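Q: Taken in order, these protein sequences are the chains called W, D and E. Going by this note's numbering, 184 is the number at position 181 of the first sequence; the sequence numbering is gapless. Going by this note's numbering, 86 is the number at position 83 of the second sequence; the sequence numbering is gapless. Going by this note's numbering, 257 is the number at position 254 of the third sequence; the sequence numbering is gapless.
Just so you know, the hints here were simulated from the structure itself, not pulled from any lab data. One should not assume that every hint holds.
[Unchecked claim] Chain W is faced by these chain D residues, among others (derived, beta-carbon under 8 Å):
#1 8
#2 43
#3 44
#4 66
#5 188
#6 210
#7 214
#8 216
#9 218
#10 231
#11 234
#12 244
#13 264
[Claimed, not checked] Once the Cα atoms are required to be at most 20 Å apart in a straight line, the calculated DMTMM-like pairs of lysine to aspartate or glutamate come out as:
#14 W:174 to W:212
#15 D:218 to W:222
#16 E:85 to W:222
#17 W:218 to E:118
Values in this document were obtained by computation on a predicted structure and should not be read as measured data. Built from N, CA and C at the ideal position, the CB exists for glycine as well.
Given next are the chains, with one letter for each unit.
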Amino acid sequence: MSGSTPVITFTTDYGLRDYFVAAMKGVILSLNPDAKLVDISNLIPPQDIFTGAFTLSRAWSYFPSGTVHIAIVDPGVGDAHKGLAVDAGGHFFVAPDNGILTYVLNEHPGFEAYEITAEHYYRKPVSPDFHARDIFSPIAAWISRGVPLIKIGSALQNPFRLQLPGIQKVKDTLIQGQILAVDRFGSLITNLKPDDVPHAYKILAGHREITGIHKTYQEGAPGEVFVVPGSTGYLEIAVKDGSAASVIKIKAGSPIGVVFV
Amino acid sequence: MSGSTPVITFTTDYGLRDYFVAAMKGVILSLNPDAKLVDISNLIPPQDIFTGAFTLSRAWSYFPSGTVHIAIVDPGVGDAHKGLAVDAGGHFFVAPDNGILTYVLNEHPGFEAYEITAEHYYRKPVSPDFHARDIFSPIAAWISRGVPLIKIGSALQNPFRLQLPGIQKVKDTLIQGQILAVDRFGSLITNLKPDDVPHAYKILAGHREITGIHKTYQEGAPGEVFVVPGSTGYLEIAVKDGSAASVIKIKAGSPIGVVFV
Amino acid sequence: MSGSTPVITFTTDYGLRDYFVAAMKGVILSLNPDAKLVDISNLIPPQDIFTGAFTLSRAWSYFPSGTVHIAIVDPGVGDAHKGLAVDAGGHFFVAPDNGILTYVLNEHPGFEAYEITAEHYYRKPVSPDFHARDIFSPIAAWISRGVPLIKIGSALQNPFRLQLPGIQKVKDTLIQGQILAVDRFGSLITNLKPDDVPHAYKILAGHREITGIHKTYQEGAPGEVFVVPGSTGYLEIAVKDGSAASVIKIKAGSPIGVVFV
Numbered sequence: 004m005s006g007s008t009p010v011i012t013f014t015t016d017y018g019l020r021d022y023f024v025a026a027m028k029g030v031i032l033s034l035n036p037d038a039k040l041v042d043i044s045n046l047i048p049p050q051d052i053f054t055g056a057f058t059l060s061r062a063w064s065y066f067p068s069g070t071v072h073i074a075i076v077d078p079g080v081g082d083a084h085k086g087l088a089v090d091a092g093g094h095f096f097v098a099p100d101n102g103i104l105t106y107v108l109n110e111h112p113g114f115e116a117y118e119i120t121a122e123h124y125y126r127k128p129v130s131p132d133f134h135a136r137d138i139f140s141p142i143a144a145w146i147s148r149g150v151p152l153i154k155i156g157s158a159l160q161n162p163f164r165l166q167l168p169g170i171q172k173v174k175d176t177l178i179q180g181q182i183l184a185v186d187r188f189g190s191l192i193t194n195l196k197p198d199d200v201p202h203a204y205k206i207l208a209g210h211r212e213i214t215g216i217h218k219t220y221q222e223g224a225p226g227e228v229f230v231v232p233g234s235t236g237y238l239e240i241a242v243k244d245g246s247a248a249s250v251i252k253i254k255a256g257s258p259i260g261v262v263f264v
Numbered sequence: 004m005s006g007s008t009p010v011i012t013f014t015t016d017y018g019l020r021d022y023f024v025a026a027m028k029g030v031i032l033s034l035n036p037d038a039k040l041v042d043i044s045n046l047i048p049p050q051d052i053f054t055g056a057f058t059l060s061r062a063w064s065y066f067p068s069g070t071v072h073i074a075i076v077d078p079g080v081g082d083a084h085k086g087l088a089v090d091a092g093g094h095f096f097v098a099p100d101n102g103i104l105t106y107v108l109n110e111h112p113g114f115e116a117y118e119i120t121a122e123h124y125y126r127k128p129v130s131p132d133f134h135a136r137d138i139f140s141p142i143a144a145w146i147s148r149g150v151p152l153i154k155i156g157s158a159l160q161n162p163f164r165l166q167l168p169g170i171q172k173v174k175d176t177l178i179q180g181q182i183l184a185v186d187r188f189g190s191l192i193t194n195l196k197p198d199d200v201p202h203a204y205k206i207l208a209g210h211r212e213i214t215g216i217h218k219t220y221q222e223g224a225p226g227e228v229f230v231v232p233g234s235t236g237y238l239e240i241a242v243k244d245g246s247a248a249s250v251i252k253i254k255a256g257s258p259i260g261v262v263f264v
Numbered sequence: 004m005s006g007s008t009p010v011i012t013f014t015t016d017y018g019l020r021d022y023f024v025a026a027m028k029g030v031i032l033s034l035n036p037d038a039k040l041v042d043i044s045n046l047i048p049p050q051d052i053f054t055g056a057f058t059l060s061r062a063w064s065y066f067p068s069g070t071v072h073i074a075i076v077d078p079g080v081g082d083a084h085k086g087l088a089v090d091a092g093g094h095f096f097v098a099p100d101n102g103i104l105t106y107v108l109n110e111h112p113g114f115e116a117y118e119i120t121a122e123h124y125y126r127k128p129v130s131p132d133f134h135a136r137d138i139f140s141p142i143a144a145w146i147s148r149g150v151p152l153i154k155i156g157s158a159l160q161n162p163f164r165l166q167l168p169g170i171q172k173v174k175d176t177l178i179q180g181q182i183l184a185v186d187r188f189g190s191l192i193t194n195l196k197p198d199d200v201p202h203a204y205k206i207l208a209g210h211r212e213i214t215g216i217h218k219t220y221q222e223g224a225p226g227e228v229f230v231v232p233g234s235t236g237y238l239e240i241a242v243k244d245g246s247a248a249s250v251i252k253i254k255a256g257s258p259i260g261v262v263f264v
C-alpha cells in the first residue's frame, strides 16, 4: 500500500436509508483517516448473496491494485459463518464465508484465503448481530493500512463457493443457459459469453424467440428485442430505449435456450 | 483538527435524486477541498425529524473525533428556526434548532451549543429556502477548517429537544414502550434497552404475543418472531431472513407492551 | 489543477443498484488516486436527458473551479453520438454530445468544446456499450490530472443543444411557461424567473388557480398551494409540509399559465 491512497469499497444489502453503512465508514475512518471510501452497491436485495456476488464481480477489477473490497450480504450473524480475508491478484476482500466471493475466487485460482481470527483488531464489544461494523470494517481498515493477511487469521483452503449456473448442452443444436441479473434498464444479462455461441443462433426466452443478434446496442431497431455482447462480458438481451424485462417476463435465475440454426 | 483529515457527514431528507446534497457538497469543497464527505443518510422521510434524529444517533459516534455532522430535516426555512452549532464530546454538529440533535444532546449533557449568527461565513446571497446550502454548509466547512464555535455565534442554553418516547410502568408486571424505527430488513427497533427488562418477559406488539427471547439473531428459528438485543443498543423484534414489519403490522411510533411473566 | 484537490462529479441515469457507476469510479481512481469523487445524482430517470441537464445545471457551479463534471444519460452507445470535453468558466465537462450540457453552454457562451478523439487515453478494449467506463471516465481522470482539452480532441463549434422550454406571450395579460422538474418534496419547479413576472399575477396549473404568491416557503399557510422563489433560481409551486405534485396532478413538461391581474 505504501505511497498510494488506500481505497475501500462497499458491496452490501444494508440499503441507503439506515445507519448501517455509515457506522461502518465511521469505524474505518477512525482507524484509517486516509482511506478513500467508494460504494459499489448497498442496494443488493436483502439476503441475495447471488446478486451480491455478481455485482461485486463486475466492478472490483476496475479499482487500483491494493484496494480492499468489503462484501456483506446476509453475513450469517451470530455464529453461522466464518469471516474471510482474501488476496486475489493484489486486490483484498473482506467478507463472510458464504459464497459472495465466488466469482472472485473462480477467476483467481491462485487466491490466498484466511479465516479472520485476530480478535485484537476487532472493535469491542463485538455486537452479535453487526459483525460488518465490529469485525469486517476494522479488519478492512487495518489491511488498508498495510497489515498483511497472515496477521489477520489462519490460512483457509476451501472457502465456500456458490454453485454458479452452468451452460448445459441439451443436444447438438440446443444449449441451456440462465439469466444472471436484470439491470436498471431492464436488460437481461445471461450467463453466456460470446465464445459460447460460435455459430449462428437464436435465443428462446420466456415465450419469445429472439433472432436479432447484434454487435452493438445501437444497432437495435426501435422496439426490437435483440441479443448483444454486454459490458459485463456476457451476452445481454435488450430493447433499445426500453426494457427487455418488461417485454419478456423473466427474471434472474430463469433458464433460457440457445438454438443453433 | 490540525494534522487530521476533516470529515463531514450528511443526514438529510433531501433524497438522492435531486441536486440538493450535491450543491451542499460543492459549497463545502469550495471552502475546504480537504474535507472528506460521508453520507449517513439522505433518505430520511421528508419532514420526519424523529427518524432523522434516530438515524444520526446510531451512526455519528463511530466517526473520528473532530468530525462535523450536518443534520438537516425540515429546516424550517425562512424564519422559523435558529441554526445550531454544537460541540458534543469533541464531535461537532450543525443543524436547525428543531430537535434533530435530541439524542446527541441527551447523551452528552456537557454539550456546548451556539446559535449560528456569524453572517460573514454565509454564502451570499442567502436563499430564503435553502439554508442548508447557504448557511449550514459553509459553517460546517469553516468548523472543519478549525474555526472555533465561539466565533460562529452566541452561546445558547436550551436548544429545542424532542420529547422522546419514554417507558411507562403501567403496573408491576406491565410496562409500555414504543417502536422507534423499522430498518431495511423489517426489524422493529424498540425503545427498550436490555437493562429495562431484567426479568423474564414477553412482548405484546400489534396482535402478537412474542415469547421468543434470544441472545443473537442467529438463534431464531425459521419463521419465528423473536426479540433480540440489536446493534443499535435497543431490543429489536425480528424474523430471521424475513421481515417482522410484514408479519406484525406496526410501525415507528406504535406502542408495545412488556409483560413480566 | 496544480496544488488543489481534483474533484470529479457524476450525473448519470445508471442508478445505485448496479455496478455501472462503481466501475467508472474504479477506472478513475486507477488513473488518478487523488481524485475526490462526488455524486450529483445517479438517479436521473433512464434516457431522460432533459432531467439530467436540469439537475446538473442546478449543482455544478457550487463546486470548486477546476472540477470535472461527468454527465452521462442515454449516451447513444455504439456510434450515434460524439463525446464532448468542455471548458465552461474554468469548470470541465465530459459528456456525450446529446444536449445534456445545454444549460451549461447556454449560460457560458464563451465555452470551449472539443470532440473527444484522443484514443490513447481510452481504456482498452473499448466496450461498444459502456463508453462511460472506457472513454468518458479515463478522459475525466486525465483532465483532472491537468491534461489540457486541446490534447483530448479537436475543437467543435456547435455542440448539440436541447430546445429548452421557453416562455410564450399569449396576450398582454397571459404568458405560458412550463414545469421543468418535480423535486423530492413534490415542489413543482417552473421555468419562470422572478424577473419574468414583474406585475401582480396568479398562476394556472392543472385545474388550479394559484393566487398565493409568497416571498419565502415559510410564509405558506398549512395546506395552501402557493408560488415562491426557489433555491434553483426559478419560481416554484409548493405546499408547506406537503406535496404540490400530489395536489395538482401535473408533471415535468406540463404547461402552466401566468395571468397578470
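Q: If a hint holds in the structure, say so; if it doesn't, say that too.
A: Checked hints:
no.	hint	verdict
1	8	holds (4 Å)
2	43	holds (4 Å)
3	44	holds (6 Å)
4	66	holds (4 Å)
5	188	holds (6 Å)
6	210	violated (25 Å)
7	214	violated (20 Å)
8	216	violated (14 Å)
9	218	holds (7 Å)
10	231	holds (7 Å)
11	234	holds (3 Å)
12	244	holds (6 Å)
13	264	violated (24 Å)
14	W:174 to W:212	holds (18 Å)
15	D:218 to W:222	violated (58 Å)
16	E:85 to W:222	holds (16 Å)
17	W:218 to E:118	violated (24 Å)
Checked against the numbered hints above, the structure breaks hints 6, 7, 8, 13, 15 and 17 and satisfies the rest.
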